[in-house]
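Peer 1: Given the coordinates of chain A, assemble chain B onto it according to the supplied hints.
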Amino acid sequence: MELVRMILAVILITAGIIMEIIAVFGLFRLDYVLPRMHAAAIGDTGALGCVMLGLMIASGFNLFTLKLLLIWVFLWMGSSVTSHVLSRMIVTAEKEEMEEHTEVVDVEVDKL
Amino acid sequence: MYVILFLFWIIFNGNITVEIIAFGLVISAVILLFMCKFLDYSLKKELMLYRLAPQLIAYMFVLLWEVVKANVATAAIILNPKVKSEPKLFHFPSPLKTTLCRVILANSITLTPGTITVKLDDDGTFVIHCLDMDLAEGIEDSVFVRRLKKIEEIMEAGR
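Chains A and B, in that order, are what the protein sequence lines are.
Using my numbering, the letters of the first sequence correspond one by one to residues 1 to 112.
Using my numbering, the letters of the second sequence correspond one by one to residues 1 to 159.
Next up, chain A with everything else stripped away, as it sits in the complex:
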């Protein structure tokens, strides 16, 4: 039982690390800030989720597991708020550069 749990935890943490590698690879492959943010979002959501789930399984069922769950929840809440603020900042502040890289479908960028 202990062995099965550890194997499951190791598999999940490894999956998380692989996802983080994909996220970093995406950061270098994509060419502009907004697409790069999508790549970073993989690291923020998928990789973090996998690693936290792995750690929760490894620690077993106790109050420490609930603390890990809290870290997970707070990081997800913070990640979505910061990406929204950053994307809005870029869309409003770097209008010309943004329109070069993005296809704008009837959105009046001036009014944002």
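If you're looking for bench data, these hints aren't it; they were derived computationally from the structure.
Please read these numbers as outputs of a predicted model, since none were measured by experiment.
Mixed in with the good hints, there may be bad ones.
Unchecked claim - In silico lysine to any residue, SDA-like type, Cα no more than 25 Å apart, as pairs:
(1) B:Lys119 to B:Pro93
(2) B:Lys88 to A:Lys67
(3) A:Lys95 to B:Leu100
(4) B:Lys88 to A:Arg88
(5) B:Lys69 to A:Phe28
(6) B:Lys69 to A:Val33
(7) A:Lys67 to B:Lys149
(8) B:Lys69 to A:Ile18
(9) B:Lys150 to B:Leu100
Peer 2: The following block gives chain B in isolation, referenced to the frame of chain A:
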């Protein structure tokens, strides 16, 4: 909210004894009172939250599943060397009326990789940036919107 505050107290304490539970019950009640007095919260909203609890918990699992699916789709776009992604900025009107549900939807959209909410207007229009149009297809009628509509109906009925 009272239950959430109490659970926080227990989790941060790290172990469960009679004293900790007794102190926790009192302190949670005091914080709830503070919220009602200064933070625009009320007992009516508290009762509404308990009525919505099953729906909200179900929503969390739906969100988790959607995040997993979006992760796989975005990773596929990044790893495929042939695909040249076409980032797009577009808007869509949402049928949601309450600010609570709109904010939940905006955060869910931002949390799923591949789509970011750039702006949420007062009239419920979302401005979305997406990495590729495939990731944002059918966003006007996604699982999130359908679930949140149901939550709004329950809120409407309980008023």
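Peer 1: Do the alpha carbons of Lys95 of chain A and Leu100 of chain B lie within 25 Å of each other, as the hint requires?
Peer 2: Violated - the C-alpha atoms of Leu100 of chain B and Lys95 of chain A are around 30 Å apart, more than 25 Å.
Peer 1: Taken at face value, is the distance from the CA of Phe28 of chain A to the CA of Lys69 of chain B at most 25 Å?
Peer 2: holds, 23 Å
Peer 1: Does Lys119 of chain B pair with Pro93 of chain B here, judged by a C-alpha cut-off of 25 Å?
Peer 2: holds, 12 Å
Peer 1: Do the alpha carbons of Lys150 of chain B and Leu100 of chain B lie within 25 Å of each other, as the hint requires?
Peer 2: Satisfied, since the Cα-Cα distance of roughly 13 Å is no more than 25 Å.
Peer 1: Taken at face value, is the distance from the CA of Arg88 of chain A to the CA of Lys88 of chain B at most 25 Å?
Peer 2: Holds. Lys88 of chain B to Arg88 of chain A sits at ~14 Å (cutoff 25 Å).
Peer 1: For the pair supplied as a hint, Lys88 of chain B and Lys67 of chain A, confirm whether the alpha-carbon distance does not exceed 25 Å.
Peer 2: Violated. Lys88 of chain B to Lys67 of chain A sits at ~38 Å, over the 25 Å cutoff.
Peer 1: Quickly compare the C-alpha distance for Lys69 of chain B and Ile18 of chain A to 25 Å and report which way the hint goes.
Peer 2: holds, 16 Å
Peer 1: Taking 25 Å as the top limit, are the C-alpha atoms of Lys67 of chain A and Lys149 of chain B close enough?
Peer 2: Outside the cut-off at roughly 32 Å; violated.
Peer 1: Holds or violated: Lys69 of chain B and Val33 of chain A, Cα atoms, limit 25 Å.
Peer 2: Roughly 23 Å between the alpha carbons, so the hint for Lys69 of chain B and Val33 of chain A holds.
Consistency note: the structure conflicts with the earlier hints numbered 2, 3 and 7.
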